[in-house]
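**Student:** Let the hints inform the model, and build the full structure from the sequences given.
Protein chains: 2
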Amino acid sequence: MKYSKLFGKTIKTTPRDVKIASHKLLYQAGFIRESAAGRFFYLPLGMMARDKMVKVIEEEMNEAGAQKILAPVLHPLELWKKTNRTESVSFELMTIKDRNGSSFALGGTAEEMMVDLVKKFSLSYRDLPFQIYQFSQKFRDEMRARGGLLRLREFLMKDGYSFHADEADFKKEYEKMKLVYSRIFDRLGLKTIIVESDNGYIGGEYCHEFIMESEVGESRYLYTDDNKYAAHEDVAKFLKDEKNADDKELPLKQVAAPRGKTMADGVKFHKLPLWRQIKDVLYVSEKGKYILAIIRGDFTVNEIKLKNLTGAIELRHATDDEIRELGSEPGFISPVGIDKKVQVVADDSLRTIKNAYGGSNKKNQDLLNINIDRDYQSGIEGDIALAQAGYLSLTGQKLLAGKGIEVGNIFQLGYHYSKKMDAKFIDKDGKEKFYYMGCYGIGVDRTLAAVVEKYHDDQGIIWPETAAPYKIHLIALGKEEKIYAEAERLYEQLQSQGVEVLYDDRTDVNAGEKFADADLIGAPYRAVVSEKSLKAGGVEVKRRGSKESEIVGMKDLEKYI
Amino acid sequence: MKYSKLFGKTIKTTPRDVKIASHKLLYQAGFIRESAAGRFFYLPLGMMARDKMVKVIEEEMNEAGAQKILAPVLHPLELWKKTNRTESVSFELMTIKDRNGSSFALGGTAEEMMVDLVKKFSLSYRDLPFQIYQFSQKFRDEMRARGGLLRLREFLMKDGYSFHADEADFKKEYEKMKLVYSRIFDRLGLKTIIVESDNGYIGGEYCHEFIMESEVGESRYLYTDDNKYAAHEDVAKFLKDEKNADDKELPLKQVAAPRGKTMADGVKFHKLPLWRQIKDVLYVSEKGKYILAIIRGDFTVNEIKLKNLTGAIELRHATDDEIRELGSEPGFISPVGIDKKVQVVADDSLRTIKNAYGGSNKKNQDLLNINIDRDYQSGIEGDIALAQAGYLSLTGQKLLAGKGIEVGNIFQLGYHYSKKMDAKFIDKDGKEKFYYMGCYGIGVDRTLAAVVEKYHDDQGIIWPETAAPYKIHLIALGKEEKIYAEAERLYEQLQSQGVEVLYDDRTDVNAGEKFADADLIGAPYRAVVSEKSLKAGGVEVKRRGSKESEIVGMKDLEKYI
Numbered sequence: 000m001k002y003s004k005l006f007g008k009t010i011k012t013t014p015r016d017v018k019i020a021s022h023k024l025l026y027q028a029g030f031i032r033e034s035a036a037g038r039f040f041y042l043p044l045g046m047m048a049r050d051k052m053v054k055v056i057e058e059e060m061n062e063a064g065a066q067k068i069l070a071p072v073l074h075p076l077e078l079w080k081k082t083n084r085t086e087s088v089s090f091e092l093m094t095i096k097d098r099n100g101s102s103f104a105l106g107g108t109a110e111e112m113m114v115d116l117v118k119k120f121s122l123s124y125r126d127l128p129f130q131i132y133q134f135s136q137k138f139r140d141e142m143r144a145r146g147g148l149l150r151l152r153e154f155l156m157k158d159g160y161s162f163h164a165d166e167a168d169f170k171k172e173y174e175k176m177k178l179v180y181s182r183i184f185d186r187l188g189l190k191t192i193i194v195e196s197d198n199g200y201i202g203g204e205y206c207h208e209f210i211m212e213s214e215v216g217e218s219r220y221l222y223t224d225d226n227k228y229a230a231h232e233d234v235a236k237f238l239k240d241e242k243n244a245d246d247k248e249l250p251l252k253q254v255a256a257p258r259g260k261t262m263a264d265g266v267k268f269h270k271l272p273l274w275r276q277i278k279d280v281l282y283v284s285e286k287g288k289y290i291l292a293i294i295r296g297d298f299t300v301n302e303i304k305l306k307n308l309t310g311a312i313e314l315r316h317a318t319d320d321e322i323r324e325l326g327s328e329p330g331f332i333s334p335v336g337i338d339k340k341v342q343v344v345a346d347d348s349l350r351t352i353k354n355a356y357g358g359s360n361k362k363n364q365d366l367l368n369i370n371i372d373r374d375y376q377s378g379i380e381g382d383i384a385l386a387q388a389g390y391l392s393l394t395g396q397k398l399l400a401g402k403g404i405e406v407g408n409i410f411q412l413g414y415h416y417s418k419k420m421d422a423k424f425i426d427k428d429g430k431e432k433f434y435y436m437g438c439y440g441i442g443v444d445r446t447l448a449a450v451v452e453k454y455h456d457d458q459g460i461i462w463p464e465t466a467a468p469y470k471i472h473l474i475a476l477g478k479e480e481k482i483y484a485e486a487e488r489l490y491e492q493l494q495s496q497g498v499e500v501l502y503d504d505r506t507d508v509n510a511g512e513k514f515a516d517a518d519l520i521g522a523p524y525r526a527v528v529s530e531k532s533l534k535a536g537g538v539e540v541k542r543r544g545s546k547e548s549e550i551v552g553m554k555d556l557e558k559y560i
Numbered sequence: 000m001k002y003s004k005l006f007g008k009t010i011k012t013t014p015r016d017v018k019i020a021s022h023k024l025l026y027q028a029g030f031i032r033e034s035a036a037g038r039f040f041y042l043p044l045g046m047m048a049r050d051k052m053v054k055v056i057e058e059e060m061n062e063a064g065a066q067k068i069l070a071p072v073l074h075p076l077e078l079w080k081k082t083n084r085t086e087s088v089s090f091e092l093m094t095i096k097d098r099n100g101s102s103f104a105l106g107g108t109a110e111e112m113m114v115d116l117v118k119k120f121s122l123s124y125r126d127l128p129f130q131i132y133q134f135s136q137k138f139r140d141e142m143r144a145r146g147g148l149l150r151l152r153e154f155l156m157k158d159g160y161s162f163h164a165d166e167a168d169f170k171k172e173y174e175k176m177k178l179v180y181s182r183i184f185d186r187l188g189l190k191t192i193i194v195e196s197d198n199g200y201i202g203g204e205y206c207h208e209f210i211m212e213s214e215v216g217e218s219r220y221l222y223t224d225d226n227k228y229a230a231h232e233d234v235a236k237f238l239k240d241e242k243n244a245d246d247k248e249l250p251l252k253q254v255a256a257p258r259g260k261t262m263a264d265g266v267k268f269h270k271l272p273l274w275r276q277i278k279d280v281l282y283v284s285e286k287g288k289y290i291l292a293i294i295r296g297d298f299t300v301n302e303i304k305l306k307n308l309t310g311a312i313e314l315r316h317a318t319d320d321e322i323r324e325l326g327s328e329p330g331f332i333s334p335v336g337i338d339k340k341v342q343v344v345a346d347d348s349l350r351t352i353k354n355a356y357g358g359s360n361k362k363n364q365d366l367l368n369i370n371i372d373r374d375y376q377s378g379i380e381g382d383i384a385l386a387q388a389g390y391l392s393l394t395g396q397k398l399l400a401g402k403g404i405e406v407g408n409i410f411q412l413g414y415h416y417s418k419k420m421d422a423k424f425i426d427k428d429g430k431e432k433f434y435y436m437g438c439y440g441i442g443v444d445r446t447l448a449a450v451v452e453k454y455h456d457d458q459g460i461i462w463p464e465t466a467a468p469y470k471i472h473l474i475a476l477g478k479e480e481k482i483y484a485e486a487e488r489l490y491e492q493l494q495s496q497g498v499e500v501l502y503d504d505r506t507d508v509n510a511g512e513k514f515a516d517a518d519l520i521g522a523p524y525r526a527v528v529s530e531k532s533l534k535a536g537g538v539e540v541k542r543r544g545s546k547e548s549e550i551v552g553m554k555d556l557e558k559y560i
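In the order they appear, the protein sequences are chains A and B. Residue 473 in numbering that gives the first Met the number 0 sits at position 474 of the first sequence; the count goes up by one each step and never skips. Residue 356 in numbering that gives the first Met the number 0 sits at position 357 of the second sequence; the count goes up by one each step and never skips.
Rather than coming from a laboratory, the hints here were simulated on the basis of the structure. Note that the coordinates shown come from a computational prediction; the quantities given were computed from them, not determined experimentally. Keep in mind that a hint or two might mislead.
Any copy, or any two copies together, can satisfy a pair, since identical chains are not distinguished.
What the hints assert, rightly or not - Straight-line Cα separation of at most 16 Å, EDC-like style, residue types lysine to aspartate or glutamate; simulated pairs:
#1 K177 x D421
#2 K513 x D555
#3 K252 x D374
#4 K54 x E464
**Tutor:** This is the structure we're talking about:
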């Protein structure tokens, strides 16, 4: 491609809301443009880079035995109703009705569609296992889009779905996909860490995210130095140390406590440690149900764990008015004597302490020596605590905090979808059995952004060869026609050799600008034809990001790179 | 791929609604499955065939200098409002609102999006011309989907958009695209005819369809034997022969006419030729406006021409009650004295006759010697007549009728979008000027169906190599392990040589079934490894569709094909 003909040239300025490096560079280098918030155009350079990534993913998926298919973008909504995802996906699901009155979901993932497809065939154990996958545009009605390609409302996802006779067979595939994904990201130059994560509205019992460490990422995770544990903050477990659990239970006592409303106020007033205080957080679910989360005072409630434990889909904090309507008082909420319609959810850390203190549901009145079971019952008890750096893992290793971009994820689905949709195969014994399933996703746009986040400097992008739109950025430098004739010859030679080359053929732009554009666009090699290079017997070649250049004979360039 | 592992195997039966060959064969051979009406899954074989076609189209588009980009699927609805297409596309447009209240169109074509994109850049005459194109899923809320991949509600379209400084430059591109498209279809084995057509809701002044002749197609067109004229029935022009236009006008006369309501009844009652009768068809537009189309009695009203002449988007026939409410009478409608709120649209064929006859807006009363201008005025006059086989072209050649599948189309858009969306470039003289535009579409799914319509026999599909999912269908035949070992070796050899091969490795299926499946799936070559072939020194190779087979040495197979 000749730069003079390229649609979507470089630009020096960026819109005000462009903050992170990948967004800025992909914008300035002419790879993407925003259409509406969270919905982007790919320009020719961006399209080539994305196609390169798609090719890598496709090669590795095929190599792994997965078979490429394609489902419609519009999913019959009745399928989503069968699995209850019209509710569980909540606001993120976009739906549409056609003029015959049929309703459809704009797919965010395609579990229902794939199960529906598989159900169209009478399969037996001999057809298993198999994995089908697709590249298709996905939709999520995100409240806030951000960071260019990092959090989109419309994006290309590679989503694969595997079908198995049983769990053991699935587990082999799951482990294989960990390797396949690692290889894919590796080929694209990304080092990823595999962390346990929350399955959100996908269903199933466990799943893992592939995260590339990055300051601009939104995925926070915890891991141990020995690499034996890594889990997303949403699900990370930690050791809740015993405090005074062996103490004798003392009598419950109500005391006047004219104090402020915060935990710190309680500590200050009673002169007791924070960990002995009960932290009470009152939530309201999407169904209007009150949920009181209680936890040891030095821990924090993890809302994802709380949702998973309670089955709530959305949670919000109760207002002061709502708290008072329940006969309690902001800052003085207590599980002891709370209105019966409130579901009390206790973190198991409350078993590590005795004789706790906290509010009494009355203003400026606190309770001392509160003990679980004796003074209050937990409707549900479990782990709702947020893990943090410095805590210990369940095996006693120190947890470290990481942050990064989630580029892929893999899910055990088990029988979640096959049972809800009655999808069965005929097993060896002639009996019908439910498929055991898994699913595997890669966000292509986000992976592209991750590559740019990792590979750039102040001047621009530094593409790894696997994702570079062009391998060589060829520049003709100078005024003389001869230089342009030589560059043109080299351009055609490289093209005939199958080398992807972007040729800056502009005659009205100075050397500085041409070099700056080459750096910004970030092809792995820059090749300059100038009077100087011709005198030296060829073309001056430099790797992007390197300072050294070398003169290479015109004919040898293809071999050189 | 081993057949035993292939997802989506062949099947002998078809659903009842499967009628046309491409639908039946693509279903039976395991290429596609219906999700909802007009929305299909592509199975692995179908996906490979479609990818092949995409590759051919992409190669030719790139070769033609077009640049691949991608727009979001959801188009901000405000853009469509600017060009009035929210109205003109009418029911076929699907729209959706996100949870922030923004409205979007599910794109059927992307003119607005592309103009919006181009407007994001400050371009000058030096950047022109350029063409940007994309492959993307398109949506049309068709009342009725039909024929498998022939008329879909969701489909893959290659849509290109060119931007020019002026009409002369556009015309060069338009002619070039005729060649590019012809070459694309040619590479896919399709002979297409280029016919003038209606631009529907695309806008612009002229356009052409690429049609592959086929009995199952929905595009009817007329052409002359010398190939100098070809036009879709919607727009085809013809010579309206002079009848008695030179006769003297006789006095208008009302006569009792106790006759039936049809044209034939009028002919019979008055014993006058059909062509002297005025045919009156009363329509109601989408805005509730009455439109009376009148035409010479031996011609038929073409509703597309009528829509284009009147600007109506939808037309329906008026009911008998509506006709009476207007003070007229079914079967006796007349432009003479018709209610003033009715817009009279006259076909110019009414100039070829004098002293016509027809209804009088009163039951059983006819008028004789009706003459245009003297007795009635046409609000709009033009060509609203349907061309038919046997009529003469404007240059006096006999028109022949053709029928086929529209696989592509190209449109002059002119300033239609650029003016409505205020899209300008800076010309040589430093002044801002509107872009002159064209657009170019190929329906990929429909093209795939067209290939199958053209290339099949009673046994199955006969893929041209450019679109075949696999080049070779390799069959191991017999019971002995040795045969399967040899076949396996050949399978691996071919794969390592880069030959795409589908290997039927099943051991529990007889020869007849394997041959039938090979014929159904339709790879260009069938290669059989059997005891017989091994004795003869190799593999038995047969072209799909041919009766002759040949023994080829295992090692020579790649060269042979």
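**Student:** Taking the hints in turn, state whether each one holds.
**Tutor:** Comparing the hints with the structure gives:
For the homomeric pair K177 and D421, neither the shortest alpha-carbon distance inside one copy (28 Å) nor that between copies (51 Å) is at most 16 Å. For the identical chains of this complex, K513 and D555 are neighbours neither inside a copy (23 Å) nor across copies (51 Å), given an alpha-carbon limit of 16 Å. In this homomeric assembly, K252 and D374 come within 16 Å of each other (Cα to Cα) only inside a single copy, at 11 Å, whereas the closest approach across copies is 106 Å. Proximity of K54 to E464 under the C-alpha cut-off of 16 Å is restricted to the intra-copy arrangement: shortest distance 13 Å within a copy versus 22 Å between copies.
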